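Undergrad: So the chains spell out like this:
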Amino acid sequence: MIKTFTKYLPIAWVSIKENMARTLLTMLGIIIGVGSVVLMTSLGKGAESYILGSVAQFGPDVIYINPGSPDEGLTGSITALDRLKYSDYLALREVDFLKDVTPFLAYDAIVTWRNETHKTQVIGVNKNYPSAFNFSVASGRFVDDNDMSSRQRIAVLGVKMADKLFDNRDPIGETIKIATTNFKIVGVMEEQGGNAFEDYDNMVFIPVTTMQTYLFGVDYLMTIAARVVGDLESGVEKTKNVIRHLHRIDNPEEDPAKDDFQIITQVQALDIFGTVSDVLTYFITSIASISLIVGGIGIMNIMYVSVSQRTREIGLRKAVGATNRDVLMQFISEAALISFVGGLIGICSGIGLSFLFYLVIIQFEPSWVFAINFEAVILSSVISALIGIFFGYYPAKRAAAANPIEALRYE
Amino acid sequence: MATKKKSEEHIIEINNLKKTYYTGDVETPVLRGLDLKVKDGEFIAIMGPSGSGKSTLMHIMGFLDKPTGGSYHFEGVDVSELSDDDLALVRRERIGFVFQAFFLLPRATVIENVMLPLLYQKHSHGHDMAKKALDSVGLSHRLDYLPTSLSGGEKQRTAIARALINAPSVIFADEPTGNLDSKSGKQVMNIFQKLNEKGHTIILVTHEKTTAQHAERIIHIRDGLIESEEKVKGRINYSDGDELLK
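So the protein lines, in turn, are chains A and B. Quick note on numbering: the working numbering labels position 370 of the first sequence as 370, and the sequence is numbered without any gaps. Residues are numbered in the working numbering as their position in the second sequence, beginning at 1, plus a constant of 411.
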């Protein structure tokens, strides 16, 4: 098969050279089709890597305990918000299969220093937050145990928030207002970057106990995060049993509907986002495939025109000894070559465009990833050649069937 | 003429050859039972007014068309038994065509045009063969020209080189000088005579008396039958003192 093609490719090449401008126009459909498949799948893959990177940022051993049973949705329902108590955190802190246990509360608040006012996310945490999530403090200190027990009104700023409020001034020791309460700044975080969902550098961190008392007046937590020591699965099971015991839930059959909490692992999160991005990629690819089919029909149309325009050439080729099969194969090879070369150009421009998009996107999302979907590249080059063969077949058959005498007389 | 190698064997033997075209219910007989023998190495001209069937006869002899009756033996083989692919093979290996309208591919160079027939067979020395063929028609200085930049005579000589590249035993020339001025026409006919001397059988179709006078024998066709044939007396021959061909 390959050998047959290599025999006809030089012939096809001469014919393509004969009609360069028309050939390029014909290729355009394939170029656009393949180019958009490559662009879309590459952007899709970039987005996937970006989102997966965000989720995987904290390491595979991190688990999140959220209020509400899994039946009530991934992040729990509003009515279940108060199920996770501070006492749960205190109990989990004591078990040996979890470490870096971090309680969470978060809400959006107005942060003020002198005339600077910003709306941002204020996060209530404990001292474990930096080690649980691989963050570190740039200057000053983070929340410590004493802050927690005595509900100190101290705050640690994300680096961007520090810049916004204080410009180049050293914020440590200054007092800011969060909502209406004064907080003393004790530290500034290193640049942490962000991900698809959060911008850590714009956050303000305070002791979770202080937040419960001064800002919320509640005793529950939104989330408890922790790292599992040892086997992830058994760690999750043990954690569930501890919370069931604390919440007096009798659930030996492990029916998730009976629980009033849920544990989310990175593995689950990766699965969910992987599925979402697969669906998106299929969707985008199927749209782009339509332009491939349109391109193929364009090739068929041009090949028909080409066959009738070149009737005399076909007659001549037959006169100098081309068999019907030779002519058939020549025109099929020509169509395949046109679409394959169009495919290659499409791949190159798709990759080039993906890179341009990447350059633009990183202006807004610095952690965006440049990725090429190589499966899509290989698949679309094969498909584009197949399209040429498929749509080139009927015009080629018509050329092959031409009677040499009539073909030579054709004006 | 004495040096020319002549075989008494007939390369072409046609008996009672008929060709009828059918358009719906209308029958149009073009060849109506024609007999013709051509010796190997002969140079014949087929003459006749338009519609006489001379082109159809040439097409059948050149394996481009099939007769509807009678028999055609080429090199002793009954052509009616050959498949389409066999016919293509014979055209490829045994025959060369030269047409009035040249039929060169406009954007392929001279040498690419000459090499066209080689695309359909296995050849490793195609380029050398094409150069040699172009050399023999005096065009070795035009290898990489495009046909559009050639004169009519040069175009036809390119077409002759293309016909030559397979070392055919028979060359069919359909009005080869029809589109040429008289000087180019003479050159082209001169080349055919040289090729004939080298042993190629030449079958020329023309309606011009002077062009036909280059052949050894003239067959007159009228209404699909051979009307008469004549040995050419006082044959035009340029081979003395012509420097075009080596």
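Just so you know, the hints here were simulated from the structure itself, not pulled from any lab data. Among the hints, a few may not be true.
Said to hold, decoys possible - Subject to a maximum C-alpha distance of 25 angstroms in a straight line, what follows is the list of computed DMTMM-like cross-link-like pairs (lysine to aspartate or glutamate):
| id | chain 1 | residue 1 | chain 2 | residue 2 |
| --- | --- | --- | --- | --- |
| 1 | B | Lys-542 | A | Glu-18 |
| 2 | A | Lys-119 | A | Glu-191 |
| 3 | B | Lys-594 | B | Glu-627 |
| 4 | B | Lys-477 | A | Glu-406 |
| 5 | A | Lys-7 | B | Glu-619 |
| 6 | A | Lys-397 | B | Asp-555 |
| 7 | A | Lys-397 | B | Asp-497 |
| 8 | B | Lys-450 | B | Asp-436 |
| 9 | A | Lys-17 | B | Asp-497 |
| 10 | A | Lys-7 | B | Glu-586 |
| 11 | B | Lys-644 | B | Glu-619 |
| 12 | A | Lys-7 | B | Asp-495 |
| 13 | A | Lys-7 | B | Asp-446 |
| 14 | B | Lys-533 | A | Glu-18 |
| 15 | B | Lys-429 | B | Glu-586 |
| 16 | B | Lys-429 | A | Glu-406 |
| 17 | A | Lys-7 | B | Asp-496 |
| 18 | A | Lys-397 | B | Asp-476 |
| 19 | A | Lys-397 | B | Glu-619 |
Said to hold, decoys possible - Sample of chain B residues facing chain A (criterion: CB under 10 angstroms; computed from the structure):
| id | residue |
| --- | --- |
| 20 | Thr-431 |
| 21 | Tyr-433 |
| 22 | Gly-435 |
| 23 | Asp-446 |
| 24 | Lys-448 |
| 25 | Glu-492 |
| 26 | Val-501 |
| 27 | Arg-503 |
| 28 | Ala-512 |
| 29 | Leu-516 |
| 30 | Pro-517 |
Unchecked claim - Among the chain B residues that face chain A by a calculated CB cut under 8 angstroms, a handful are:
| id | residue |
| --- | --- |
| 31 | Pro-440 |
| 32 | Asp-476 |
| 33 | Asp-495 |
| 34 | Arg-518 |
Note that this is a predicted model, so its numbers are computed, not measured. Quick reminder that beta carbons are idealized off the backbone N, C-alpha and C, glycines included.
Undergrad: State for each hint whether it applies.
TA: Going down the list of hints, with the structure as the test:
no. : hint                     : verdict
1   : B/Lys-542 with A/Glu-18  : 22 angstroms, holds
2   : A/Lys-119 with A/Glu-191 : 19 angstroms, holds
3   : B/Lys-594 with B/Glu-627 : 21 angstroms, holds
4   : B/Lys-477 with A/Glu-406 : 13 angstroms, holds
5   : A/Lys-7 with B/Glu-619   : 42 angstroms, violated
6   : A/Lys-397 with B/Asp-555 : 33 angstroms, violated
7   : A/Lys-397 with B/Asp-497 : 19 angstroms, holds
8   : B/Lys-450 with B/Asp-436 : 39 angstroms, violated
9   : A/Lys-17 with B/Asp-497  : 30 angstroms, violated
10  : A/Lys-7 with B/Glu-586   : 33 angstroms, violated
11  : B/Lys-644 with B/Glu-619 : 16 angstroms, holds
12  : A/Lys-7 with B/Asp-495   : 21 angstroms, holds
13  : A/Lys-7 with B/Asp-446   : 41 angstroms, violated
14  : B/Lys-533 with A/Glu-18  : 23 angstroms, holds
15  : B/Lys-429 with B/Glu-586 : 23 angstroms, holds
16  : B/Lys-429 with A/Glu-406 : 19 angstroms, holds
17  : A/Lys-7 with B/Asp-496   : 17 angstroms, holds
18  : A/Lys-397 with B/Asp-476 : 20 angstroms, holds
19  : A/Lys-397 with B/Glu-619 : 39 angstroms, violated
20  : Thr-431                  : 15 angstroms, violated
21  : Tyr-433                  : 14 angstroms, violated
22  : Gly-435                  : 17 angstroms, violated
23  : Asp-446                  : 22 angstroms, violated
24  : Lys-448                  : 24 angstroms, violated
25  : Glu-492                  : 17 angstroms, violated
26  : Val-501                  : 8 angstroms, holds
27  : Arg-503                  : 2 angstroms, holds
28  : Ala-512                  : 8 angstroms, holds
29  : Leu-516                  : 6 angstroms, holds
30  : Pro-517                  : 7 angstroms, holds
31  : Pro-440                  : 17 angstroms, violated
32  : Asp-476                  : 5 angstroms, holds
33  : Asp-495                  : 6 angstroms, holds
34  : Arg-518                  : 4 angstroms, holds
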